[in-house]
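Asker: The lines below spell out each chain.
2 protein chains.
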Amino acid sequence: MAESANSDMRLGVAAAAFLDVCVEPSYRRLVIEDAPAVLGAARCREIEDATVFGAMVAALMARHKAGRFEVPDPKLAGRMIASMLCEAALQLPEAKNPKQMRAHTLAIVATVLSAFDPGASGK
Amino acid sequence: MAESANSDMRLGVAAAAFLDVCVEPSYRRLVIEDAPAVLGAARCREIEDATVFGAMVAALMARHKAGRFEVPDPKLAGRMIASMLCEAALQLPEAKNPKQMRAHTLAIVATVLSAFDPGASGK
Chain A
21 MAESANSDMR
31 LGVAAAAFLD
41 VCVEPSYRRL
51 VIEDAPAVLG
61 AARCREIEDA
71 TVFGAMVAAL
81 MARHKAGRFE
91 VPDPKLAGRM
101 IASMLCEAAL
111 QLPEAKNPKQ
121 MRAHTLAIVA
131 TVLSAFDPGA
141 SGK
Chain B
21 MAESANSDMR
31 LGVAAAAFLD
41 VCVEPSYRRL
51 VIEDAPAVLG
61 AARCREIEDA
71 TVFGAMVAAL
81 MARHKAGRFE
91 VPDPKLAGRM
101 IASMLCEAAL
111 QLPEAKNPKQ
121 MRAHTLAIVA
131 TVLSAFDPGA
141 SGK
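So the protein lines, in turn, are chains A and B.
So the first sequence is numbered by my numbering: it starts at 21 and just counts up by one.
So the second sequence is numbered by my numbering: it starts at 21 and just counts up by one.
Read the hints as simulated data drawn from the structure, not as lab findings.
Among the hints, erroneous ones may be present.
Note that the list lumps identical chains together, so a pair holds whenever it fits in one copy or between two copies.
Unchecked claim - Below 25 Å or equal to it, Euclidean Cα-Cα: the simulated DMTMM-like pairs (lysine to aspartate or glutamate) are:
{"hint": "1", "residue 1": "Lys-85", "residue 2": "Glu-44"}
{"hint": "2", "residue 1": "Lys-116", "residue 2": "Asp-28"}
{"hint": "3", "residue 1": "Lys-116", "residue 2": "Glu-44"}
{"hint": "4", "residue 1": "Lys-85", "residue 2": "Asp-54"}
{"hint": "5", "residue 1": "Lys-116", "residue 2": "Asp-93"}
{"hint": "6", "residue 1": "Lys-116", "residue 2": "Glu-68"}
{"hint": "7", "residue 1": "Lys-85", "residue 2": "Asp-40"}
{"hint": "8", "residue 1": "Lys-119", "residue 2": "Asp-40"}
{"hint": "9", "residue 1": "Lys-95", "residue 2": "Glu-114"}
{"hint": "10", "residue 1": "Lys-119", "residue 2": "Asp-93"}
{"hint": "11", "residue 1": "Lys-95", "residue 2": "Asp-69"}
{"hint": "12", "residue 1": "Lys-116", "residue 2": "Asp-69"}
{"hint": "13", "residue 1": "Lys-116", "residue 2": "Glu-66"}
{"hint": "14", "residue 1": "Lys-95", "residue 2": "Glu-44"}
{"hint": "15", "residue 1": "Lys-119", "residue 2": "Glu-90"}
{"hint": "16", "residue 1": "Lys-116", "residue 2": "Glu-90"}
{"hint": "17", "residue 1": "Lys-116", "residue 2": "Asp-40"}
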């Protein structure tokens, strides 16, 4: 139980850190806006996989091994959930209330994760 | 009840159609690979919003109005869920078993949607 709370906390911290990195202006300009045009989509995806995106997927794979992310294709599901964070990160800098949007984003991801967790409350 | 089953079916059909359009080679090349480099990320997002991506978000907003998509920011959540489909669509053409991956993708999205549906079974 303590370990599962720990895993939730780590994933929450990782998701929040991911959002915060993505809205940092220089990261945003270089990696999100310029890189796809300069490097091409394929190379961009390789870089994503080696950095923050890959870290989120790895955290979800660890969660799968711990029996808390029950899905037939955890890698696919992990990438799909990481991409939810990317989408929110793209919109965050234009948000009227970025702090509220950041909180909503993390709450949405937590709801999604609990949907795949056999031990989540409400199941 | 019949209306809610109908809404599920429509959303399932829309999600499947979205995946099928994204893997169509000319769409993939033009819209997914070339457009971000040629048009820039911002213009690309405008086009996405006016087409398939926007249609998915609109379907989820309708679901929200029907009380079946309970989330503080349905537009944000809708975009995040539509982006899950985009992510899967990017990987589909390279999948070893595209038919299975397509089925897994749609099952993952269905699980995510049920997490926000107060009337979903298991709640």
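Asker: Next step is simple, just say for each hint if it's right about the structure.
Answerer: Here is how each hint holds up against the structure:
| no. | hint | verdict |
| --- | --- | --- |
| 1 | Lys-85 x Glu-44 | neither (32 Å within a copy, 34 Å between copies) |
| 2 | Lys-116 x Asp-28 | neither (28 Å within a copy, 32 Å between copies) |
| 3 | Lys-116 x Glu-44 | within (17 Å within a copy, 37 Å between copies) |
| 4 | Lys-85 x Asp-54 | neither (36 Å within a copy, 38 Å between copies) |
| 5 | Lys-116 x Asp-93 | between (36 Å within a copy, 13 Å between copies) |
| 6 | Lys-116 x Glu-68 | between (27 Å within a copy, 22 Å between copies) |
| 7 | Lys-85 x Asp-40 | neither (27 Å within a copy, 31 Å between copies) |
| 8 | Lys-119 x Asp-40 | within (11 Å within a copy, 36 Å between copies) |
| 9 | Lys-95 x Glu-114 | between (30 Å within a copy, 14 Å between copies) |
| 10 | Lys-119 x Asp-93 | between (33 Å within a copy, 13 Å between copies) |
| 11 | Lys-95 x Asp-69 | within (12 Å within a copy, 27 Å between copies) |
| 12 | Lys-116 x Asp-69 | between (30 Å within a copy, 19 Å between copies) |
| 13 | Lys-116 x Glu-66 | between (32 Å within a copy, 19 Å between copies) |
| 14 | Lys-95 x Glu-44 | between (27 Å within a copy, 23 Å between copies) |
| 15 | Lys-119 x Glu-90 | between (31 Å within a copy, 20 Å between copies) |
| 16 | Lys-116 x Glu-90 | between (36 Å within a copy, 21 Å between copies) |
| 17 | Lys-116 x Asp-40 | within (16 Å within a copy, 35 Å between copies) |
When each numbered hint is compared with the structure, violations occur for hints 1, 2, 4 and 7.
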